[in-house]
Amino acid sequence: MARSIGLKLLLLIPVIFLVSVATFMMTELLPGDPAVAILGENATPERIAVVREQLGLDRPLVERYVDWAGDALQGDFGRSIVSNQPVLESFKERLPVTLQLAVMAQVIALLLAIPFGAWSAWRAGGRFDRGTTTFSFAIVGLPPFLLGILLVYVLALQWQVFPVTGWEPFSDGLGANLEHAFLPALTLGLAEFAIYTQLLRGDMAVTLQEDFVLSARARGLSSRHILLREALRPSSFSLITLAGVNLGRLIGGTIIVEKLFGLGGVGTLVTQAIPQKDFPVLQGSVLILAVAYLLINTAVDVGYNFIDPRVRRGNA
Amino acid sequence: MATPEGQLLDAASVQVAATNTAPAATGLRGRLLPPALVVIGILALVVAGWGLRSASAGIRILVAVVGGALLWRGLQVLGIRRYGPTFRLGLVAASAWLALVMFLAVFADLLPIEHWTKADISREALGLRPGLRWPEVLGRTTNGYSELSHVIYGARTSLTIGVVAVAVGVLVGIVAGLFAGWYGRVIDGSITIATNTILAFPPLILILAIVAVYGNTVRTLALGLAVLSIPTYTRLMRAQTLAIRQREYVQAADAMGASNSRLMWREVLPNAVLPVLSYSFIVVAVVIVAEGSLSYLGVGVPSPQPSWGGMIAAGQRQMKINPHLVFVPATVMFLTVLSLNRFGEWVRKRVLGGDRSEIR
Amino acid sequence: MRRRKVSPMSWRALPEQQPSGPLLDVDDLRTAFRTPRGRLRAVDGVSASLDRGKTLGIVGESGSGKSVFVRSLMGLLPRYVERSGSVRFEGAELSDLNERGLRHYWGTEMAMVFQDPMTSLNPVKRIEPQITDSLRHNLGIGRADARERALALLESVGIPEPRRRLRDYPHQLSGGMRQRVTIAMALACGPKLLLADEPTTALDVTVQAQILNLLGQQQRERFMGMILVTHDLAVVAGRTDEVAVMYAGQIVEKAPTAVLFGNVRMPYTEGLLRSIPKISEPSHTRLRIIGGRPPDLVDPPAGCRFSPRCPYAQPLCHTDPPPLTPAETPGHVFRCWFPVGTDAGREALERNLARHDPAAEAAVAGDIHAAALVDAAADADAGGND
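For the protein sequence lines, the chains are P, V and F, in the order given. Taken in order, the first sequence gives residues 1 to 316; the numbers are from my numbering. Taken in order, the second sequence gives residues 1 to 360; the numbers are from my numbering. Taken in order, the third sequence gives residues 1 to 386; the numbers are from my numbering.
For reference, chain P alone in the conformation it holds in the complex (with noise of 0.2 Å):
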């Protein structure tokens, strides 16, 4: 098991490498001059100077790589064109609403999991069961932003629960903070929840059929009692590499519902910098968001071998 890890993790090498090269090739494959491209056709030769200095475009390219490589593994991804200041900065002021609507999403995606998706398997083939099963298509079927939309059209405009747009800091109260936050959340959240829900129930539906879910009836243990602390443990494992895995997906979930409800986090970084052609600001968040998505995912891949009991206890 050590020698397949290794070579998961080798492997990775050669992957961010290349990650990392076409990064750095965004600048170069814009059509006609990089400089002439970010500040558009109208712009002075005087600026376009200051733009290709800025980028050292004069230098050799595998040099600007180096230099552009070496800067990168500092932490240093330039500055912003537009803003002038240091894209890593940028990336950490956002970074804090990017993951709390990430670990929010996945809190409310699991706590909503456990019960439906358990009384789902309890009685499986049943109502309940058929209609949960129902709605976790439908969701599934609708792209996030119309999730979010029709939350937003519901809960916000016409039952006026939470606020439509925004977002108030931690700093600001706990009570604003989550009432800002919860819709964002919510529409994250109920995609992986779809998923989570149908991924446990089939799991739990195996485990409910084992005798020692059948020993725990015959003792008269409660369906409570039995769902939750005998048959969701082993029932668990699936769902739990999911839900890491996933937290690299919600990566690039997060741009789309941080436009729909005016959040300021990294997506909306990098949705800002695109028509701006900021490209260090670009090229900075590529950069961090591949390599952080690439590294959950293997992780997360790795750490399934320690999960999962039948590789843990080998021949138990």
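Hint data in this document are derived by calculation from the structure and do not stem from the laboratory. Mixed in with the good hints, there may be bad ones.
[Claimed, not checked] Stretch-level coverage of chain V by chain P, calculated; a stretch enters the list once three of its residues show a Cβ under 8 Å from a Cβ in chain P: (1) 167-176; (2) 189-202; (3) 286-295.
[Said to hold, decoys possible] With beta-carbon atoms standing in for the labels, derived distance ranges: (4) Thr35(F) with Val106(V): 44 to 54 Å; (5) Arg247(V) with Pro275(P): 14 to 24 Å; (6) Gly91(F) with Gly84(V): 50 to 60 Å.
Being a predicted model, the structure only gives us computed values, none of them experimental. C-beta: ideal position from N, C-alpha, C; glycine also.
Chain P is already provided as a structure; the job is to place chains V and F on it using the hints.
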């Protein structure tokens, strides 16, 4: 439990009630019930749409949902009676919707609808609600454009992008997967590393990066989204190739002296390709969602050209006053994606489960 | 979560406190499963009764319905199962209770020990919570008290170093110890009725006797009624007061144990007895065999269900199902037209031997070829039914 009784007990525990039952067709009640359901359902929908204008949105939605459910059930039972127990209303509805959308998208120019550039800027027209009139049965935007036209031309754009992206992805991915699975070693290794590199990027980030570099034109979008779908097809094809390589008829052909390329193209490819292709409808759905998201973010289909995502983004600001601006394109998009998923699942099941015969 | 506050002493009930009447009274219990091929009648009209302090043995081969029967007794069936008939526990009718109602009885009044201790213990939970869960849930006992009781229970079932064992996981215990643990779990809340479904089948032979002795000892100490289900006649000899033999979902013979072994009437029971190898016989003695297979419970044969395999079978047996008739000894009933040990039976057997009926030859001479013929006939029948 290993005993036959034990297996019975196990099976009974997980028994799912038969999903495709229909009440008996006998007796007055049995014969009248389904058509009654259909009629009641339609009535409920009509009432929700026009009769309850003044009621809150919640009530209207509730009535509409109940009406829809009754209509669905009624049609389902009628369908089973007419066509037998294998009738699945979901599949039929999905196929019908897809056929409709494709027809409208392809023949958009020939239809009796306004071109999407045409706007009616008279006061009554701006932001007109959907209603029973032609051609603005779906209403107008606040700039006077016909929602119906924009939805249809937007469908054309989205479907074009979807089909092209998947077609390119299929071509490149299948060839790459075939080579990787067949030749192995270095070629496999490098193709796998390339695939993993593409997969290393969060999907939306990757396409955003491509759009940032090459601009957001329809062509860029289609090719960029193709890049996103290539790894999927590559992996699928590679797995299929690896499996089929071992089959006896391939080895037999090899023993008879067939060349490498002949083996690959004439023996392996035809048998591997069908299961891989069966995913395509689902991939098209994913691409349409991605394109919709991009258009929503403002970096998708460029502005004057209509697209579902763009319409939703534009309408979002006025959702409270003119909800139809958002809900019309949203509903169409939702139904299309849902239908593609449903239809694609059926195709997958048919290909994987039914057709086990292979081409020799 | 329902917690009953029960005084500590009642978990070891005293004989003087019991109500009169049998502990368990089953009347015409029927259980059927809905399968794609039709209704499978796993238990087809079984009646029995049991007093406190007594043991009933139920013997039958796989597919006879014995496991389904004891689960039907408790009501531990899955949801899509049809059940009819009466089950009375201490006079109270159980058959019209739903799961909620039955939960009051499960664990505290009646308990079950299952066949495979590896699968009937939760593999990811330690032993202690598996025992204390029902104590705390059903009897409302606090954690510390529950642990003390769990220790006492483990000691009483003969587990050494109980304190250590409480912290172990099931896979760290041997098979015999695991079964002792499941017995402790079943007995934790002091039930009056214990159902043991093949408790020793999954264990090594050397351990089997220990477990059976343990069950017997606990039953005596706690004055419980016990039903012991097994496919092995040797298990019930000497450990039960009464034995019921089941075949194809019905009871085909029931008698006090000694009577059954000494005065068998039903040919199937005789076949079972004969197939036990005996030390007293010389080596290489051919075992008497019952050829063929148990019948299809969706579409059982007309007439006596054992008739295709019966060495005594006559034309009447194939058409008319025999009812349960009493024998001379009180408490002994059997289901046969030409019973063993009667003139009618002897003549029937001779007639069959004369025409070389394969079932008769297999049973009498241990003839393998004859038994194979009976198997083939059973296969042909099954083919015709499909």
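Checked hints:
1. Under the rule that three or more residues need a Cβ within less than 8 Å of chain P, the assignment of the region 167-176 of chain V is violated, with 0 such residues.
2. With a cut-off of 8 Å between beta carbons, the region 189-202 of chain V has 7 residues touching chain P; three or more are needed, and the interface restraint holds.
3. Under a criterion of three residues with beta carbons nearer than 8 Å to beta carbons of chain P, the stated coverage of the region 286-295 of chain V is upheld, 3 such residues being counted.
4. For the hinted restraint 44 to 54 Å between Thr35(F) and Val106(V), the CB-CB distance of approximately 50 Å keeps it satisfied.
5. At about 53 Å, the CB distance of Arg247(V) to Pro275(P) disagrees with the hint of 14 to 24 Å.
6. In this structure, Gly91(F) and Gly84(V) meet the distance hint of 50 to 60 Å, their C-beta atoms being roughly 53 Å apart.
Hint check: violations occur at hints 1, 5; the rest are consistent with the structure.
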